[in-house]
Amino acid sequence: MTTKFTPDHEYIRVEGTTGVVGITNYAQEQLGDIVFVELPSVGKALKKGDEAAVVESVKAASEIYAPVSGTVTEVNDALSGEPGLINTDPTAGGWIYKIAISDAGEIDTLLDDAAYAELTV
Amino acid sequence: MSMNTQGRPTGVGTTGTSASGSALLPDEPLLFEIGDTEHSGVDLPDVTLSADRLGGFGRKSKLDLAGLTEPEAMRHYVRLSRLNHSIDSGMYPLGSCTMKHNPRLNEKMARLPGFADIHPLQPVSTVQGALELMNQLSHWLMTLTNTAAVALSPKAGAHGELLGMMAIKAAQDAAGQSHRKIVLVPESAHGTNPATAAFLGYSVKPIPARTDGTVDVQAVKDALSPEVAAIMLTNPNTCGLFEPQVIEIAKAVHDAGAFFYCDGANFNAIMGVVRPGDLGIDAMHINLHKTFSTPHGGGGPGAGPVVLSAALAPFAPVPFVRQGSNGLELVEHVEAEALGRVTAFHGQMGMYVRALTYMLSHGADGLAQAAQDAVLNANYVKARLEHVFSVPFPDYPTMHEALFDDSFLKGTDVSTLDFAKALIDEGFHPMTMYFPLVVHGAMLIEPTESESKQTLDHFCDVMAELATEAKSGNAERFTSAPMKAPRRRLDETRAARLPILKWEMPVETPKAAE
Amino acid sequence: MRYLPHSDHERAEMLGVIGAANIDALFSAVPKSALKSFTLDLPAHSPEFLVEAHLRALSNKNHAAGNGPFFVGAGAYRHHVPATVHHLIQRSEWLTAYTPYQPEISQGTLQMLFEFQTQVAKITGMDVANASLYDGSTGTAEAVLMARRLTRRNKIVLSGGLHPHYRDVVKSYLKDDADLVCLSPSPQGQGDILDHIDGNTAAIVIQTPDFYGHLRNLKGAAEAAHAQGALLIVVITEVVSLGLLEAPGALGADIVVAEGQSIGNALNFGGPYLGLMATRKEFIRQMPGRLCGETVDADGNRGFVLTLSTREQHIRREKATSNICTNSGLCALAFSIHMGLLGEAGFTRLARLNHATAIKLADALDSVPGVEVLNKTFFNEMTIRVTQPAVSLVERLARRGILAGVPASRLLPGDPDVDHLIILAATELTTDGDIAALTAALTEELA
Numbered sequence: 001m002t003t004k005f006t007p008d009h010e011y012i013r014v015e016g017t018t019g020v021v022g023i024t025n026y027a028q029e030q031l032g033d034i035v036f037v038e039l040p041s042v043g044k045a046l047k048k049g050d051e052a053a054v055v056e057s058v059k060a061a062s063e064i065y066a067p068v069s070g071t072v073t074e075v076n077d078a079l080s081g082e083p084g085l086i087n088t089d090p091t092a093g094g095w096i097y098k099i100a101i102s103d104a105g106e107i108d109t110l111l112d113d114a115a116y117a118e119l120t121v
Numbered sequence: 001m002s003m004n005t006q007g008r009p010t011g012v013g014t015t016g017t018s019a020s021g022s023a024l025l026p027d028e029p030l031l032f033e034i035g036d037t038e039h040s041g042v043d044l045p046d047v048t049l050s051a052d053r054l055g056g057f058g059r060k061s062k063l064d065l066a067g068l069t070e071p072e073a074m075r076h077y078v079r080l081s082r083l084n085h086s087i088d089s090g091m092y093p094l095g096s097c098t099m100k101h102n103p104r105l106n107e108k109m110a111r112l113p114g115f116a117d118i119h120p121l122q123p124v125s126t127v128q129g130a131l132e133l134m135n136q137l138s139h140w141l142m143t144l145t146n147t148a149a150v151a152l153s154p155k156a157g158a159h160g161e162l163l164g165m166m167a168i169k170a171a172q173d174a175a176g177q178s179h180r181k182i183v184l185v186p187e188s189a190h191g192t193n194p195a196t197a198a199f200l201g202y203s204v205k206p207i208p209a210r211t212d213g214t215v216d217v218q219a220v221k222d223a224l225s226p227e228v229a230a231i232m233l234t235n236p237n238t239c240g241l242f243e244p245q246v247i248e249i250a251k252a253v254h255d256a257g258a259f260f261y262c263d264g265a266n267f268n269a270i271m272g273v274v275r276p277g278d279l280g281i282d283a284m285h286i287n288l289h290k291t292f293s294t295p296h297g298g299g300g301p302g303a304g305p306v307v308l309s310a311a312l313a314p315f316a317p318v319p320f321v322r323q324g325s326n327g328l329e330l331v332e333h334v335e336a337e338a339l340g341r342v343t344a345f346h347g348q349m350g351m352y353v354r355a356l357t358y359m360l361s362h363g364a365d366g367l368a369q370a371a372q373d374a375v376l377n378a379n380y381v382k383a384r385l386e387h388v389f390s391v392p393f394p395d396y397p398t399m400h401e402a403l404f405d406d407s408f409l410k411g412t413d414v415s416t417l418d419f420a421k422a423l424i425d426e427g428f429h430p431m432t433m434y435f436p437l438v439v440h441g442a443m444l445i446e447p448t449e450s451e452s453k454q455t456l457d458h459f460c461d462v463m464a465e466l467a468t469e470a471k472s473g474n475a476e477r478f479t480s481a482p483m484k485a486p487r488r489r490l491d492e493t494r495a496a497r498l499p500i501l502k503w504e505m506p507v508e509t510p511k512a513a514e
Numbered sequence: 001m002r003y004l005p006h007s008d009h010e011r012a013e014m015l016g017v018i019g020a021a022n023i024d025a026l027f028s029a030v031p032k033s034a035l036k037s038f039t040l041d042l043p044a045h046s047p048e049f050l051v052e053a054h055l056r057a058l059s060n061k062n063h064a065a066g067n068g069p070f071f072v073g074a075g076a077y078r079h080h081v082p083a084t085v086h087h088l089i090q091r092s093e094w095l096t097a098y099t100p101y102q103p104e105i106s107q108g109t110l111q112m113l114f115e116f117q118t119q120v121a122k123i124t125g126m127d128v129a130n131a132s133l134y135d136g137s138t139g140t141a142e143a144v145l146m147a148r149r150l151t152r153r154n155k156i157v158l159s160g161g162l163h164p165h166y167r168d169v170v171k172s173y174l175k176d177d178a179d180l181v182c183l184s185p186s187p188q189g190q191g192d193i194l195d196h197i198d199g200n201t202a203a204i205v206i207q208t209p210d211f212y213g214h215l216r217n218l219k220g221a222a223e224a225a226h227a228q229g230a231l232l233i234v235v236i237t238e239v240v241s242l243g244l245l246e247a248p249g250a251l252g253a254d255i256v257v258a259e260g261q262s263i264g265n266a267l268n269f270g271g272p273y274l275g276l277m278a279t280r281k282e283f284i285r286q287m288p289g290r291l292c293g294e295t296v297d298a299d300g301n302r303g304f305v306l307t308l309s310t311r312e313q314h315i316r317r318e319k320a321t322s323n324i325c326t327n328s329g330l331c332a333l334a335f336s337i338h339m340g341l342l343g344e345a346g347f348t349r350l351a352r353l354n355h356a357t358a359i360k361l362a363d364a365l366d367s368v369p370g371v372e373v374l375n376k377t378f379f380n381e382m383t384i385r386v387t388q389p390a391v392s393l394v395e396r397l398a399r400r401g402i403l404a405g406v407p408a409s410r411l412l413p414g415d416p417d418v419d420h421l422i423i424l425a426a427t428e429l430t431t432d433g434d435i436a437a438l439t440a441a442l443t444e445e446l447a
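Those protein sequences? They're chains A, B and C, same order as listed.
Residues 1 to 121 in UniProt numbering are what the first sequence spells out, letter by letter.
Residues 1 to 514 in UniProt numbering are what the second sequence spells out, letter by letter.
Residues 1 to 447 in UniProt numbering are what the third sequence spells out, letter by letter.
In case anyone wonders, no lab produced these hints; they're calculated from the structure.
Wrong hints could be hidden among the right ones.
[Stated by the list, open to error] Pair by pair, the computed Cβ-Cβ distance ranges are:
(1) B/P113 <-> C/H9: 55 to 63 Å
(2) B/A464 <-> C/D8: 51 to 59 Å
(3) B/E504 <-> C/P369: 16 to 24 Å
[Said to hold, decoys possible] Heads up, simulated DSSO-like pairs for lysine-lysine below, C-alpha to C-alpha not over 30 Å straight-line:
(4) C/K219 <-> A/K59
(5) C/K281 <-> B/K60
(6) C/K219 <-> C/K376
(7) B/K205 <-> C/K376
Predicted model, so just to flag it, every value in this text is computed and none were measured.
We put the beta carbon where it would ideally sit given N, CA and C, even for glycine.
Given only the sequences and the hints, what does the whole structure look like? Please build it.
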């Protein structure tokens, strides 16, 4: 199981052929209290870089892009009632959607832990 | 703190503690908590309808509207009003908002029955004075801007912006230039600019700012192409600077077959001193509620007439006034409807009266003096505070607003927001914060021409004292501010997560059995 | 200049602190060719009494509605506004406050907006209302855009009974749009809007009372729209009607837009007015305009803030729900105070009084030879057919001091069907004497 990152502060945790997508701890700190999440619909086909979801805090709204191409297989409905999960637990309870990865090669183009850490210094 | 002869502290807001619920500033319940469906403050005959003509569409559902008698209503709204800050009660240094004095003659004139009590659709022969007033206002606006036409009807600045861009689109469609789909917008622009361009189906191409806070002419030239429809440029810009190369930008834009939309939100700085038409603009909205003192009213109504160059004049929307053989005519329909109509009637007549009253009071000389005083005041604030705060763009004198960044707060545990909230405890409305976006932790201060030197000195003293205090490590004074306002900081996260947008009757919970 | 606080001495002193030789030095970024390079063909400053005389002279050239019998409506209505409203909205703290972005020192405006939203939600029978839009016409255009976002469909059908200027505003907003269907505004046959609803329809737009004053069946329209997954947008230009007519929310409306001018606001020759917008709870995030919400402050006290502002242009920029920046704050205040003074008892009485007066007017008009009242149903406004061209008839009546309504052709030029139609409104301000004067003059003119 590997986790990769985009320069736009999304993470994707690769579990076999599925990726779990959310925003990083750094991103949630920058956004502040999340108040609303607009989730994608299950079955939606996404190309890498497509707008997949929108995360709103009190002061900002931020588009969440697809880190890789694929199809949305599941969304985190818990965020509808409790968007603050992204603040309290961005990588576990605060995941946003799962994607069936169509091109595993795209994973390699993303940032690894060290490269992402450098970006957020 | 300065003391007067009675030994009392002076200055608004320097006395007392947290005011919430105090004897002089009581908390006020909601209308629905003090009124009920039986009370009314209006006496009307109670007619009974023997036979109605409602065709069975009469109301069956409950209205449940609370009412108050006149003395109760007077007290409710007077008490509520006292929870507001206002220009009349203290300085409002809100950058980009132009909170200037609102003369009361304007209000008196707008309420003359010949203006307030006329209907937009009564015969044109019975409203010749109103059309003449619209004509006079148009003359002032066109003369001050040196432009060929003006569309009065937009309801506010953003609405004017929409209309101006619609006129540009109509002109290009008429010239077979519909393929132009890109609008250039500098990064420092007001949020309405990209919103307007996107609304009309344009894609927005941001133009980066130079390190001196002005638009990079070369970047504009590089971005221009046969696909570009227009540039939307604010001048003076949102950093408070006059774009020194605006004429060159206009020329490059025109050479590329595109139009120059100027956001006139900051016209207050140059009225009577610089005519935007001389700079090459094609369309510009003018916020009557900023530049020409019509009241902000807690968030509107505004008014946003748009001046147009000769190239765009044929694409003005209806209605407009023109001289006919039997007096003035109101043109409400045109055969080739280039643009059509952007509001039901003739725009904000109430605001036209107020703005013209303001213009006549000032005259051409007074308007120029007002613009120069606004610029003088901003530069004075900048000069008095530039050693306390850092100025991100020091290369040019500022126009009508002074811009500082938050580098003085580095390492203090005090944010720009905290700093601004501390101003409230000193009796001032906070300055504009975090805008323009091109400056980190921006603090944008627009004193306007209405503030006296005495008030500016007091404001600068307070700002300097607060900066010293923030740097000395007393973060508490800032992070807990305001302490002396009717409310302390409000929980915006809670409001947005579980929105409560109207009052609901509380559900009676049955008492628990003992 | 009475509005400028500095003396020349102070100006010089300030320039000294700045280190500028003169005021022009502060304009050094302005190209030389553009700075003070002109003389303006405009008068110099003027004392208050002369400005007042100038404006009074202009005002006196207009025939104010209060000067005689008055029956003009068609989207703006003359009602009585209590003196209390005029007094209160001119208080400094209401008149000269900015948008309440600093909630700690804006609780007055914010609580008022919360009360206003509640009042609008109650009279329309909807879950939520916003803090107002520019006016009813732009509100209608915004509602149409909102319906498209909600349904992700494009087709919009406008009823023929929609105010023609509202239709024109929607057309301007949706320029180049093939999926906008505008039904014929002819009073003879507007066609059945329900026939135009299909699986691509985002919304149908129905005004009631409509442009001609007829009342429309909203319940049937809502059912037909919903059966196809489309929304029903209801437009109301005379908001007093809601005191007597069933709330659109109770009949299945999805978005209600109204012109709120009738309550608390003068005719003002067309503006400033007040757009009301209300909708269902689940649609809030696609609703344009400002919203005020309840919360608590750091001490736990109840307070109000502008909320869900991430939908708006200053944050979302090109992705905002609308480019709107201002609401009609002061007009909303006037509405809210007037509605607070009326309360349920006063509002329903006012509506009954309007309807009763309109019935008197209709019956009186019906008895005039050469006049036919077209309406079977109405609230306070109706359309008549006369035996002469309406424009010149209304003009002749105006010369006799009677403002007898709006010739339909003023809004629908070039449509021969409407050349002989006049739309007339009666309100609580219409007296028996006004009606008698109108019918007498009409009888003479049509003889």
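So, going through the hints one by one against the coordinates:
In this structure the supplied range 55 to 63 Å is violated for B/P113 paired with C/H9, their Cβ-Cβ distance being about 44 Å. A hinted range of 51 to 59 Å is violated for the C-beta pair B/A464 and C/D8, which are about 27 Å apart. Checked against the hint of 16 to 24 Å, the pair B/E504 and C/P369 fails, with Cβ atoms roughly 56 Å apart. Pair hint C/K219 plus A/K59 does not hold up; C-alpha atoms about 40 Å apart against a cutoff of 30 Å.
Between C/K281 and B/K60 the alpha-carbon distance is near 22 Å, which keeps this suggested pair within the 30 Å criterion. Taking the CA atoms of C/K219 and C/K376, the gap is near 19 Å; set against the 30 Å cutoff, the hint holds. A C-alpha spacing of about 56 Å is found between B/K205 and C/K376, which places the hinted pair above 30 Å, so the restraint is violated.
Violated hints, in rising order: 1, 2, 3, 4 and 7; the structure is consistent with all others.
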